[in-house]
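A.B. asks: First to last, the protein sequences are chains A and B.
So the first sequence is numbered by my numbering: it starts at 643 and just counts up by one.
So the second sequence is numbered by my numbering: it starts at 307 and just counts up by one.
A hint or two may mislead.
[What the hints assert, rightly or not] Heads up, simulated DMTMM-like pairs for lysine to aspartate or glutamate below, C-alpha to C-alpha not over 25 Å straight-line: (1) B/K479 with B/E427; (2) A/K952 with B/D369; (3) A/K706 with B/E465; (4) B/K357 with A/E890; (5) B/K357 with A/E865; (6) A/K951 with B/E333; (7) A/K711 with B/E366; (8) A/K952 with B/E325; (9) A/K951 with B/E330; (10) A/K706 with B/E438; (11) B/K357 with A/E905; (12) B/K471 with A/E682; (13) B/K479 with A/E997; (14) A/K711 with B/D369; (15) B/K448 with A/D975; (16) A/K864 with B/D355; (17) B/K479 with A/D662; (18) A/K976 with B/E366; (19) A/K706 with B/D369; (20) B/K479 with A/E663; (21) A/K952 with B/D328; (22) A/K976 with B/E370; (23) A/K952 with B/E330; (24) B/K448 with A/E709; (25) A/K684 with B/D431; (26) B/K357 with A/E997; (27) A/K706 with B/D439; (28) A/K684 with B/E478.
The hints are simulated quantities; they were obtained by calculation from the structure and are not laboratory data.
Okay, here's what each chain looks like letter by letter:
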Amino acid sequence: MSSIEKNSVLERRIDSLLTDEITINFGPQHPSTHGVLRLEAKASGEVITAITPHLGYLHRGVEKNLESKEFLQGIPLLDRCDYLSSMFNSYIMAACVEELTEIEVPRRAEWIRVVAMELNRIASHLLWWGTFCLDLGASSPLLYAFRDREDVIDLLELISGARLLYNYIRPGGVRGDVTPEFMKKLEGFTNRFPPYIDEYEELVTGNAIFIERVTNVGVISKERAVNWALSGPMLRGSGVNWDLRINEPYSAYPEFTFDAAVEEGCDVMARYRVRMMEMRQSNRMLKQAVEGLPEGSHTAKVPTSVRCKKGMTYRRIESPRGELGGFMITDQDKAKKPWRFHLRAPSFANLAAIEEMSKGYMVADMIAILGSIDIVLGDVDR
Amino acid sequence: MSLSEETANRIRELVPEAESWDAESAELTLKGDFSTGIFAALRDDPITDLKYLRNLTAFERMDEQGVTLVYHIASLTHNHTVTVFVPLSEDALVVQSLTPVFSAANWQEREVYDMFGVRFEGHPDHRRILLEDTFDFYPLRKNFILDPAVNLRNIKEREDEMLKKILAASEEKAKPAAASSEKSASSSKSDDSKKGEAE
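Construct the entire structure; sequences and hints are all you get.
C.D. replies: Following this line, the structure appears as C-alpha cells:
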C-alpha cells in the first residue's frame, strides 16, 4: 500500500466516524509494552491519530557509568542494556577496544564469537516470536518458543556459565574455549532446529486470523524507512537489502555463506517473515561452524588491564534488533577508561518511527506494530 | 570503506563552507551556524547519496570547554559513511535541527539535548527524552560528577525544590486545558461529546 493510499484510508475512516478524539494511556505497566514503555495515544473512534511515547523508566545512566569503569568492567554493564542479546553488546565493546589497541584476534576466537552471537540471535528471535504471537492473542506459541529457547540457553550456559547475561566475549577473544561436549550438543541442535521452524510456520504463519491481523498493517515505505534510519529486520522488511554482516563485514562473517533476509511487504508480516528467515540462516551458519571450526587459541594475549591508544572509533554490528553501534573516544595514550562511550541502540532508533507507522490504523493494530519493532526497553533507555 | 575520489570531490564541491574536509578518513567539520541545506544537498545528490543518518551523538572536548556534535551519515547504495563534526563553544550551544532533513534526527537530537544541553533550533518537539523535564542538569557533561557524596548532598532540599517545579509545571499544563474546556462548553455539540467521553 502506498503512502497516498494509506492517507486516503485514514481520511475515509476519520470522515465516516464523527467521534470526539480520546486519549488512551498505554503502559508503563502493560505486558505488551515488553517492559516499561508508556504510550499516550490519541484515537478518533478506533483509529489512531497520534502517539506520544514517554521513555526513561529504565534509564540507568550506562553511558555515564562507563566513563568511570575500565574497559573490561564495562562489558558486564553493557550486557545489561539489551538483556536479550547480550553477546552483541559485549562484542561492541570488545570491537571498539580492539580497534584502538590493535590486538590481533585469533581466527578460532572469531569463529566462536560468531557461534555465540548466532545462538544468541536465535534465542532472541524465539522470545520475540513467542511474545509477538502472545500480543496478538495466541498463547500456545509462547510455550513452543520457550521449549526451544531452553535448548539454546543450555548451549550458551555450557560455553559461558550464564543463561542470560554472558560476559563471554572479551577484547582479544572469548573467555573460555568451547568443549567437545558443546560441539556435540551444538550439532544435535542444528539438526533439531529446522523442523522446529517448520512447525512454527505451520502453527502461525499460515493461520488465517494471523494473516488478517498482520498483512498491510504498520506500513512504512522504503524511502521513509531509510529516512527514519530504521535498521535490522525493520529495514529489510521494507525491501532494503542492508545487512551489516554482509555490507560492512566484521568478525568471521566473510568466511560464512548465508543470505540476507529481505522482504518487500513493508508491513508487520514482512518483518515477521524476515525474522523467521533469519533464524534459518543463523542455523545454516551454525552448521558451517560445526563442520569447520578452526583449530588454534580462543584468545589473544591481553593484559588484565587493557590500555587503549588515544583515538576515536565508531563500530557497528548487526544485532537481532538492527544496527548496534559503539562510539568510543579515549582522551590519552594508555587510556584505561573511555572518555566517552555512546551506544547507538537499535531499539531506540526503530521505536522513534512508531507514530508514523501506527497513524490511521486501529488501536489493536498498534499492539501488533509495537510487537513487530521488537523493542527491548533496556536498550531503548540504556 | 574509503570514499571514491569522485565522491570526495563532490562533497568538497557541495560544502564549500566546510571548516575542513579529510577525504581519507571521510571526516567533515562544519561551523556551528551551518544551514540544514548542506545536509539536504548531500542527501539528494546521486553521487554522495547520504540518506541514512545512522548515528547522532556528542562528546565534550578534552582540551577546551565545549561540546562537539558527531553525525554519522551513510549511503546504503554506495556503501560509504561520512562523519560530520560540529564543534560548539560553551557560550553558544545551539545548532539548527536536522529533523526536516532526516526524521531519524528527531529522537537522537532530543537525547543530545537531554544529556548535553545542546539546543536544536526548529525541532518540532524539543523536550528531554529520557530524564525528567524538570531536571536542571545535563548528566553527560564532565562537570556532572558521578559521586554519591556530591550527588546526595542536600538531597532533601533538592527533592523539595524539584517537587515544587513539577507541581508548577503540571499546574501550568492544566491551565490552558481548563480555559479551552470552558470555551467549548458553550457550544452544544462538544458538550454532547464530552458526555459520551464521561460515559
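A.B. asks: Each of the hints needs a verdict: does it hold here or not?
C.D. replies: The hints, checked one at a time:
{"no.": "1", "hint": "B/K479 with B/E427", "in the structure": "holds, 23 Å"}
{"no.": "2", "hint": "A/K952 with B/D369", "in the structure": "holds, 13 Å"}
{"no.": "3", "hint": "A/K706 with B/E465", "in the structure": "holds, 22 Å"}
{"no.": "4", "hint": "B/K357 with A/E890", "in the structure": "holds, 17 Å"}
{"no.": "5", "hint": "B/K357 with A/E865", "in the structure": "holds, 9 Å"}
{"no.": "6", "hint": "A/K951 with B/E333", "in the structure": "holds, 20 Å"}
{"no.": "7", "hint": "A/K711 with B/E366", "in the structure": "holds, 18 Å"}
{"no.": "8", "hint": "A/K952 with B/E325", "in the structure": "holds, 23 Å"}
{"no.": "9", "hint": "A/K951 with B/E330", "in the structure": "holds, 20 Å"}
{"no.": "10", "hint": "A/K706 with B/E438", "in the structure": "holds, 17 Å"}
{"no.": "11", "hint": "B/K357 with A/E905", "in the structure": "holds, 21 Å"}
{"no.": "12", "hint": "B/K471 with A/E682", "in the structure": "holds, 23 Å"}
{"no.": "13", "hint": "B/K479 with A/E997", "in the structure": "holds, 23 Å"}
{"no.": "14", "hint": "A/K711 with B/D369", "in the structure": "holds, 21 Å"}
{"no.": "15", "hint": "B/K448 with A/D975", "in the structure": "holds, 20 Å"}
{"no.": "16", "hint": "A/K864 with B/D355", "in the structure": "holds, 15 Å"}
{"no.": "17", "hint": "B/K479 with A/D662", "in the structure": "holds, 21 Å"}
{"no.": "18", "hint": "A/K976 with B/E366", "in the structure": "holds, 20 Å"}
{"no.": "19", "hint": "A/K706 with B/D369", "in the structure": "holds, 20 Å"}
{"no.": "20", "hint": "B/K479 with A/E663", "in the structure": "holds, 19 Å"}
{"no.": "21", "hint": "A/K952 with B/D328", "in the structure": "holds, 19 Å"}
{"no.": "22", "hint": "A/K976 with B/E370", "in the structure": "holds, 21 Å"}
{"no.": "23", "hint": "A/K952 with B/E330", "in the structure": "holds, 19 Å"}
{"no.": "24", "hint": "B/K448 with A/E709", "in the structure": "holds, 10 Å"}
{"no.": "25", "hint": "A/K684 with B/D431", "in the structure": "holds, 17 Å"}
{"no.": "26", "hint": "B/K357 with A/E997", "in the structure": "holds, 21 Å"}
{"no.": "27", "hint": "A/K706 with B/D439", "in the structure": "holds, 19 Å"}
{"no.": "28", "hint": "A/K684 with B/E478", "in the structure": "holds, 21 Å"}
Going down the numbered hints, you'll see the structure goes against none, and every one checks out.
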